[in-house]
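Which chain is which? The protein sequence lines are L and R, in order.
Using this note's numbering, the letters of the first sequence map in sequence onto residues 1 to 112.
Using this note's numbering, the letters of the second sequence map in sequence onto residues 1001 to 1115.
Derived by calculation from the structure, the hints in this document are not laboratory data.
Cβ atoms here follow ideal geometry from the backbone N, Cα and C, with glycine treated the same way.
Hints should not be assumed to be uniformly reliable.
[As the list claims (entries may be wrong)] Residues from chain R shown here face chain L by an in silico Cβ test under 10 Å; the list is partial:
#1 Phe-1034
#2 Gly-1041
#3 Gln-1045
#4 Asp-1054
#5 Ser-1093
#6 Asp-1094
#7 Thr-1104
#8 Phe-1105
[To be verified] Calculated pairs, PhoX-like style, for lysine-lysine (alpha carbon to alpha carbon, straight line, at most 20 Å):
#9 R:Lys-1107 to L:Lys-40
#10 L:Lys-22 to L:Lys-52
#11 R:Lys-1052 to L:Lys-52
#12 L:Lys-36 to R:Lys-1056
#13 R:Lys-1060 to R:Lys-1077
#14 L:Lys-18 to L:Lys-36
#15 L:Lys-36 to L:Lys-22
#16 R:Lys-1102 to L:Lys-41
#17 L:Lys-36 to R:Lys-1107
#18 R:Lys-1068 to R:Lys-1049
#19 R:Lys-1107 to L:Lys-41
#20 R:Lys-1060 to R:Lys-1049
#21 L:Lys-19 to L:Lys-40
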Amino acid sequence: ETGVTQTPRHLVMGMTNKKSLKCEQHLGHNAMYWYKQSAKKPLELMFVYNFKEQTENNSVPSRFSPECPNSSHLFLHLHTLQPEDSALYLCASSLLEGNEQFFGPGTRLTVL
Amino acid sequence: GNSVTQMEGPVTLSEEAFLTINCTYTATGYPSLFWYVQYPGEGLQLLLKATKADDKGSNKGFEATYRKETTSFHLEKGSVQVSDSAVYFCALSDVSGGSNYKLTFGKGTLLTVNP
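Bound conformation, chain L alone (with noise of 0.2 Å):
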């Protein structure tokens, strides 16, 4: 099983759809993190959780919102967005007391 898993890979929306990214880590990490990478930009960190306590947001827009049931899954729930948030999303995670990060595959999403 691949240490980190994402789902769907890809997602087409329209922008009054309501859909999740789901990611799911298998390594026993505690943190989990939501990227966005978009074509000629920087990747952005956009939340992170800590033992399903989210520490981080990066001043993203409300349309975004993360979900951490527990250390092994994270969601992030889409509504109302915009095509500029067309993206490849990424989840990864990390040990607690660690500073690697290992990364899923990603969800190439699509908003029309």
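Since the structure of chain L is provided, determine the placement of chain R on it from the hints.
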């Protein structure tokens, strides 16, 4: 704040050529340094890391040395292969408000290796 600057791409090389991708950083403390690689259609994979000055990280023929005096962590490979074509990210880690180590990434360098 912390920042990472890496050479702008794209970089195009012929197979078996020597590769250098420059990376410099600014940090307030003593960060750990990383190179991540992203193959087409995939997420980021850790390629190598170094946690203190003068450490050399190496993996799959790639090397990078943590140079504190020049605040650099340049990526090198003696002989690249077509399969090395990917985007390479330099990154540093820093302890954020909690106990998590927050990664700061460079913008990435696209490498294309032609046969």
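Now for the hints, and whether the structure bears them out:
no., hint, in the structure
1, Phe-1034, "holds, 7 Å"
2, Gly-1041, "holds, 8 Å"
3, Gln-1045, "holds, 7 Å"
4, Asp-1054, "violated, 18 Å"
5, Ser-1093, "holds, 4 Å"
6, Asp-1094, "holds, 9 Å"
7, Thr-1104, "holds, 9 Å"
8, Phe-1105, "holds, 4 Å"
9, R:Lys-1107 to L:Lys-40, "holds, 8 Å"
10, L:Lys-22 to L:Lys-52, "holds, 15 Å"
11, R:Lys-1052 to L:Lys-52, "violated, 30 Å"
12, L:Lys-36 to R:Lys-1056, "violated, 30 Å"
13, R:Lys-1060 to R:Lys-1077, "holds, 9 Å"
14, L:Lys-18 to L:Lys-36, "holds, 18 Å"
15, L:Lys-36 to L:Lys-22, "holds, 14 Å"
16, R:Lys-1102 to L:Lys-41, "holds, 18 Å"
17, L:Lys-36 to R:Lys-1107, "holds, 13 Å"
18, R:Lys-1068 to R:Lys-1049, "holds, 14 Å"
19, R:Lys-1107 to L:Lys-41, "holds, 7 Å"
20, R:Lys-1060 to R:Lys-1049, "holds, 13 Å"
21, L:Lys-19 to L:Lys-40, "violated, 25 Å"
Checked against the numbered hints listed earlier, the structure breaks hints 4, 11, 12, 21; every other hint is satisfied.
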